[in-house]
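Asker: Let the hints inform the model, and build the full structure from the sequences given.
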Amino acid sequence: MDRNEIIEKIRHILVAVLKHQNFEMKDEMSAADVAGWDSLTHMIIITEIEKQFAVNFKLKELNKLTNLGTLIELISSKLDQK
Amino acid sequence: MNEYLFRKAMPKDIPFLADVVIAAEKGVSDKLSYSTLFNLSEDQARKFIIAMFEEEIDGCEFSVSSFLLAEYNGEPVAAFGGWIEGFNGEMPSRVLKSNLISYTFGRECIEFLKTKANVMNGLISEREPLALQLEYLFVSKEHRGKKLTDGLIKGLVDEGMILYPSLKKAQIQVFGNNSNAIKVYEKNGFQVASSYKATDAAVLQFLPFDEKFIMEKNF
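Sequences listed follow chains A and B, in order. Residue numbers for the first sequence follow the numbering used here, so the first one is 1 and each next one is one higher. Residue numbers for the second sequence follow the numbering used here, so the first one is 1 and each next one is one higher.
Possibly wrong hints are sitting among the right ones.
Unchecked claim - Sample of chain A residues at the chain B side, in silico, Cβ under 8 Å:
1. A16
2. L40
3. T41
4. H42
5. M43
6. I44
7. I46
8. K51
9. Q52
10. L62
11. N63
To be verified - As a list, the in silico DSS-like pairs of lysine-lysine whose alpha-carbon atoms are at most 27 Å apart:
12. A:K51 x B:K114
13. B:K114 x A:K26
14. B:K116 x A:K58
15. B:K169 x A:K51
16. B:K47 x A:K60
17. B:K114 x A:K19
18. B:K47 x A:K58
19. B:K114 x A:K78
20. A:K64 x B:K197
21. B:K116 x A:K19
22. B:K114 x A:K64
23. A:K9 x B:K114
24. A:K60 x B:K12
25. A:K60 x B:K8
26. B:K197 x A:K19
Unchecked claim - Sample of chain A residues lacking proximity to chain B, with all beta carbon distances greater than 10 Å (derived):
27. D2
28. R3
29. E5
30. I6
31. E8
32. H20
33. E24
34. M25
35. L59
These are computed hints drawn from the structure, not numbers from a lab. Glycine included, C-beta positions come from ideal geometry on N, C-alpha and C.
Answerer: Quick look at the structure:
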C-alpha cells in the first residue's frame, strides 16, 4: 500500500468517526486541529485504524504520535513488517 | 494529623489506586464509566485500571507518579492525583489516557464505546496546558473529617510549585452533584470557573451526573 492509499484510508476513517470532513490531510495535522477529535473519538480512531489496516500498535508507539505524518509513518512501517 | 504520613504513591500502591479511581469516578452514584461505557463488570474494569497504572506512563490520571497518598499505621487511606498538564512537552493527558485505554481495554470494549460515545456530547472538556490538574480524590470513610484532603491538595500544589515555579493555576473537574467534594474544594480556595453539560439525558445511564464543573484556584 503506498502513502497516498494510506492517507486516503485514514481520511475515510476520520470522516466516518468524526462525521465531518472539515480537515486537510497534511502531515502537520494533529488531533487538536480537528473538530471533534477528543479523548473519546481518539480511542475509536486508533482502534479503527488498527482494525482496517490489520495492525497492532504498541503503547510506546501510540505515545510518540504527534501528527498525521508520524501516524502515516508508523502504519507504513507496520505494513512493511508484514 | 500526627499519625498520618503523606507520601508519593509507589507501584506497590496500584491496587489501592485502582480502588481510588473507582470510588472517585462513581462519586455519589453507583455508575462507573470505565464499566458502563465499555460493557465491563466492575471487576473487569478494575483489572484494566490496574493494567493502565502498570504501564508507568507519566503525566495523566493513570500515572502512579501523579498520586500523593495519606497513610495511617502503614496503610494507604486517602489519595489524590495531580500533574502539570503537558509539562516538558509531554503529550496532552487526554491523549495519554486515551492511548492507555485503547491499548489496555482492547478492541471489543472500544467497539462498544463506539455505540455509546454520542451520550458524552457536551461533556468533554480540554485540560489547560501548564495548569496543575487534580483528579481522583478518595478518603476512606473512617478517615473523613481529618482534613486529609487539605493535606493532599497542599502537598500536590507544593510539589507542583517545586517542579514548575511559574505555576499559576490548579484545576479540578468534578461532577455537579458531588456537593461534598465541591464544598471541600471551595474550602481549599477553588471556585467554579466553568461548566459542561451533556446534551443527551441518556448520559445518566452511564455517568454519575450530566454536568461537570471545572473548579480553579489561582496562585
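Asker: Each of the hints needs a verdict: does it hold here or not?
Answerer: Results for each hint:
1. Evaluation of the A16 of chain A hint against chain B yields a violated restraint, the C-beta minimum of about 10 Å exceeding 8 Å.
2. A hinted interface residue such as L40 of chain A counts as satisfied when its beta carbon comes closer than 8 Å to some beta carbon of chain B; here the least separation is about 5 Å, so the hint holds.
3. Contact between T41 of chain A and chain B, as hinted, is supported at the beta carbon level, the nearest pair being about 7 Å apart and thus within 8 Å.
4. Because the smallest distance between the Cβ of H42 of chain A and any Cβ of chain B comes to about 4 Å, under 8 Å, the interface hint for this residue holds.
5. Interface hint at M43 of chain A: satisfied, since its Cβ lies 5 Å from the closest Cβ of chain B, which is below the 8 Å cut-off.
6. Annotation: interface hint on I44 of chain A holds; nearest CB of chain B at approximately 5 Å, less than 8 Å.
7. For I46 of chain A, the shortest C-beta to C-beta distance to chain B is roughly 5 Å, which falls under 8 Å, so the interface hint holds.
8. Checking K51 of chain A against chain B: minimum C-beta separation of about 7 Å stays under 8 Å; hint holds.
9. Given the 8 Å rule on beta carbons, the hint for Q52 of chain A is violated: about 12 Å separates it from the nearest Cβ of chain B.
10. Checking L62 of chain A against chain B by beta carbon gives a least distance of about 4 Å; that is within 8 Å, so the hint holds.
11. A distance limit of 8 Å between C-beta atoms decides the matter here; for N63 of chain A the minimum to chain B is near 6 Å, and the interface restraint holds.
12. Restraint check: the Cα-Cα separation between K51 of chain A and K114 of chain B comes to about 14 Å, which is no more than 27 Å; the hinted pair holds.
13. About 26 Å separates the Cα atoms of K114 of chain B and K26 of chain A, which keeps this hinted pair within 27 Å; it holds.
14. The suggested pairing of K116 of chain B with K58 of chain A holds, with an alpha-carbon distance near 25 Å, which does not exceed 27 Å.
15. With a C-alpha separation of about 40 Å, the suggested pairing of K169 of chain B with K51 of chain A is violated against the 27 Å cut-off.
16. Distance restraint check for K47 of chain B and K60 of chain A: the Cα-Cα separation of roughly 20 Å lies within the 27 Å cut-off, and the hinted pair is therefore satisfied.
17. In summary, the hint linking K114 of chain B to K19 of chain A is supported, as the alpha carbons are separated by about 13 Å, within the 27 Å threshold.
18. A hinted pair counts as satisfied when its Cα atoms are at most 27 Å apart, and K47 of chain B with K58 of chain A qualifies at roughly 19 Å.
19. The straight-line distance between the Cα atoms of K114 of chain B and K78 of chain A is roughly 25 Å, inside the 27 Å bound, and the hint therefore holds.
20. Proximity of K64 of chain A to K197 of chain B is assessed by CA-CA distance (about 32 Å); at most 27 Å being required, the pair is judged violated.
21. Between K116 of chain B and K19 of chain A, the direct Cα distance comes to roughly 15 Å. Compliance with the 27 Å bound is thereby established for this hinted pair.
22. Taking the CA atoms of K114 of chain B and K64 of chain A, the gap is near 24 Å; set against the 27 Å cutoff, the hint holds.
23. A C-alpha spacing of about 19 Å is found between K9 of chain A and K114 of chain B, which places the hinted pair at or below 27 Å, so the restraint holds.
24. Straight-line distance between C-alpha atoms of K60 of chain A and K12 of chain B comes to about 23 Å, which keeps the hinted pair within the 27 Å bound.
25. A hinted pair counts as satisfied when its Cα atoms are at most 27 Å apart, and K60 of chain A with K8 of chain B qualifies at roughly 25 Å.
26. Restraint check: the Cα-Cα separation between K197 of chain B and K19 of chain A comes to about 21 Å, which is no more than 27 Å; the hinted pair holds.
27. The non-interface label for D2 of chain A is consistent with chain B: the shortest C-beta to C-beta separation is roughly 26 Å, beyond 10 Å.
28. In this structure R3 of chain A is separated from chain B by more than 10 Å, as the shortest Cβ-Cβ distance comes to about 24 Å.
29. Once the 10 Å rule is applied to beta carbons, E5 of chain A is consistent with being away from chain B; the minimum gap is 23 Å.
30. Separation of I6 of chain A from chain B is adequate, the least Cβ-Cβ distance of about 19 Å exceeding the 10 Å criterion.
31. Annotated as non-interface, E8 of chain A keeps its C-beta farther than 10 Å from every C-beta of chain B; the closest such distance is 22 Å.
32. Residue placement check: H20 of chain A keeps its beta carbon more than 10 Å from all beta carbons of chain B (closest about 14 Å).
33. No Cβ of chain B approaches the Cβ of E24 of chain A within 10 Å, the least distance being about 20 Å, so the stated non-interface status holds.
34. At roughly 19 Å, the least C-beta separation between M25 of chain A and chain B is larger than 10 Å, which holds for a residue marked as non-interface.
35. Residue placement check: L59 of chain A does not keep its beta carbon more than 10 Å from all beta carbons of chain B (closest about 5 Å).
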